[in-house]
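Engineer: Each chain, written out:
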Amino acid sequence: MEIFVISLLNGLVYGMLLFMLASGLTLIFSMMDVLNFAHASIYMLGAYFAYQISAFAGFWPALILAPLLCGAIGAAIEVWGLRRVHHNGHIAELLFTFGLVFIIGRGVQMTWGMLPMAYRVPPSLDFPLFTLYGANFPAYRAFMLFISASMLLSTWLLLKKTRIGLIIQAALTHPQMVSSLGHNVPMVFTTVFAGGCVLAGLAGVIGGNYQTTEPGMAEAMGPIVFVVVVFGGLGSLAGCFVASILMGMIQTFAVVIDQSCLDLLRPLGITTVPDNLLGEVLSVPVARIGALLPFMMMVLILLVRPRGLMGTRDT
Amino acid sequence: MKTRTLWIIAIVVAIALPWLFYNWETHRHSGFVISMLSQMGMMIILALSYNMLLGQAGLFSLCHATFFGFGGYATAHLLTAIGKDDLPIPMEIVPLASGLAGGALAVFFGYMATKQRATAFAMITLGISELGTVSALMFHHFYGGEGGITTDRMIDSSLFGLTYASGLQVYYLILAWTLIATAAMLFLTLTPLGRMANATRDNFERTQFMGYDPRMVRFLQFSLAGFFAGIGGGLYAITYEIVTFDALAAPLSANALLMAYIGGTGIFAGPILGAILITLLQSWVSLLSNSWLVYVGVMFIGMVIFAPEGLAGILMAHKPLHERGQMRRLIGPYLRLLPCSVAVAFGFVGIVELTSFLTIGLAQGKKLTIGGTNIDVHTMLPWGISVACFLLGALWLRFEAAGFRRVWDQITTELKAGVAKP
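Read top to bottom, the protein sequences are chains A and B.
Taken in order, the first sequence gives residues 1 to 315; the numbers are from the working numbering.
Taken in order, the second sequence gives residues 1 to 422; the numbers are from the working numbering.
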């Protein structure tokens with residue numbers, strides 16, 4: 001039971017972190033039909049910026065400044081990069097963001113080195129919030145939950161309740177019409193791209209000291225975020241939310257389950273397996289295939305429902 | 001020069017190259033050159049088969065190395081089995097078997113992936129690539145975990161009585177299979193399947209109206225590409241006698257993409273150029289610099305923005321000028337482009353290397369030396385020179401590029417109007 005509750009909370013924290021990344025990616029995708037491969041790289045940049053700023057000015061300025069820096073980088077990418085390759089077609093845009101992954105990844109290695117950074121939880125948040133069945137729940141995780149939830153709430157309010165949000169929503173589906181009404185649609189595109197990068201940067205700031213700030217963090221996070229976005233249905237924020245929480249739960253729960261397929265077969269009287277490939281597949285514990293589960297689920301859902309969980313359009 | 005002559009020259013050069021680096025005093029071949037040439041052969045197959053998807057069918061795949069690696073693993077197991085049980089399979093046929101292994105896996109995954117195209121296709125292939133890597137690390141019986149599996153290529157079973165003990169024999173085996181695979185892929189572009197793949201790339205809906213099933217075209221193209229990638233993987237296993245998960249992990253898939261794109265996806269031989277260039281960079285520049293991937297990445301982005309047709313496309317753009325004898329007029333503008341490009345490149349390389357020596361180089365305890373003199377990366381002078389070179393060179397390059405563009409446009413309009421004098 002205690003494992004269950006603790007895993008539930010951890011899964012929620014991780015899921016919300018995923019959703020901060022995935023929501024920006026989904027917004028950018030629904031607007032420009034471009035899946036930004038470099039999104040996880042922006043997340044990594046957010047963590048590194050936060051480390052650098054907090055080394056000089058402390059954690060709280062970093063919490064504000066690092067995401068803004070990421071947003072500025074995002075805007076620059078959109079204006080000087082994506083807009084130029086747009087006329088070369090869809091694949092060119094995908095390839096462009098794919099190339100960015102290389103450059104940002106190597107750039108980070110060049111600037112900060114290959115070793116993990118000592119980016120730590122700020123002392124003011126470094127205490128156990130409450131104790132549950134003898135296990136501590138760190139205050140920082142609660143803080144992460146608070147930041148991600150409030151950020152997402154404000155994004156939602158911005159999109160649904162303000163004039164800017166209305167224009168963005170209209171530009172998602174009817175860019176030509178919005179443009180004829182006198183709005184600067186390319187500007188809206190840049191804003192959305194930068195906004196998505198701000199979210200990714202913020203996720204980096206709070207995720208960098210929750211996980212580790214190291215050059216491999218973009219490669220570790222990237223595929224999972226894409227799985228979330230595709231699983232939830234490209235372009236659907238609600239689906240993206242469900243998928244994020246689900247993936248967060250799967251990843252945290254899989255680690256604590258030490259059963260394998262063999263344990264399911266045991267009631268049938270099968271207790272030992274032959275020492276070959278099939279036997280290995282049957283006897284591998286769930287904890288070890290945790291990393292495999294999200295990808296299996298994505299391939300499966302795309303087979304059964306190509307639009308993803310709640311997607312409204314074919315990709 | 002005719003295309004056929006070019007092909008023949010390329011083949012003759014490929015056969016002769018190991019002997020150009022032959023050491024006549026010790027009577028030994030250069031191991032470095034032979035292994036680099038062998039690597040080139042595999043990478044050419046990988047890049048060409050990747051271009052069957054990206055260039056010919058417009059499919060952006062991220063899991064091409066999965067089939068390359070699977071072919072490699074299957075071959076390693078096959079070689080071990082042949083050596084142990086004396087199976088009557090000669091070495092020359094083994095790459096075909098690896099191709100079949102890669103192709104079989106591509107049929108399985110292709111059935112899922114080719115239901116979709118464009119972004120969703122890219123995502124599914126990303127998932128397949130991760131599936132492949134994670135299972136390679138997890139299942140020890142087939143993949144051998146992190147250590148990979150080893151094998152022995154001296155199976156004493158050959159059509160021509162060869163032992164494949166030396167690298168040279170293996171190189172000629174690779175060369176032969178590279179030629180076979182290249183010829184087969186070239187032939188495929190001429191078949192109805194190849195033409196329909198181009199059609200689905202250019203106008204997906206019209207292909208459907210004409211009564212073709214685009215999914216079937218994608219599926220066949222994907223499976224065949226997997227087959228050829230498997231051949232490359234088989235040659236990899238034969239050469240190195242060890243296959244680890246590096247052979248099917250995402251970086252190799254990305255490499256296939258880089259090679260094909262930088263070389264040029266629009267022209268059949270483009271990926272060959274790309275594979276040769278990237279392998280050269282990988283073998284030589286990676287010895288000199290920690291950050292060779294930065295250069296490849298910048299080159300790639302530059303290609304995406306400025307020259308989406310790749311290196312081969314740039315070369316082909318000169319063809320009409322060459323045929324009409326107009327190349328002379330470009331010599332001047334090209335010479336003017338040279339110094340500013342060199343300045344930009346020098347400045348950029350300087351900045352990148354100085355930065356990386358501050359961190360990675362420091363961690364490795366290396367010192368930046370140019371021509372025997374140590375350069376202190378903490379002083380302002382080298383930084384100042386690099387940044388100045390880069391910025392001034394970039395401004396100058398912009399100016400010269402505009403001038404070059406004017407000359408180019410003038411020549412092409414004259415060619416179109418038919419008034420250009422040779």
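Hint data in this document are derived by calculation from the structure and do not stem from the laboratory.
Be careful, since some hints might not be right.
To be verified - Reference excerpt, derived from the structure (chain A facing chain B, CB under 7 angstroms, subset only): (1) 84; (2) 102; (3) 230; (4) 303.
Said to hold, decoys possible - Here are some chain A residues the structure puts well away from chain B; computed CB gaps all over 10 angstroms: (5) 7; (6) 59; (7) 107; (8) 129; (9) 173; (10) 177; (11) 281; (12) 286.
A quick note: this is a predicted structure, and the numbers were derived from the prediction, not measured.
Cβ coordinates follow ideal geometry from the N, Cα and C atoms, glycine included.
Engineer: Run every hint past the structure and note whether it holds.
Structural biologist: Checked hints:
1. 84: 6 angstroms, holds
2. 102: 3 angstroms, holds
3. 230: 5 angstroms, holds
4. 303: 6 angstroms, holds
5. 7: 21 angstroms, holds
6. 59: Fine: 23 angstroms to the nearest Cβ keeps residue 59 of chain A off the interface.
7. 107: 7 angstroms, violated
8. 129: Check passes; 34 angstroms lies beyond 10 angstroms.
9. 173: 18 angstroms, holds
10. 177: 24 angstroms, holds
11. 281: 7 angstroms, violated
12. 286: Holds, because the least Cβ-Cβ distance between residue 286 of chain A and chain B comes to about 12 angstroms, which exceeds 10 angstroms.
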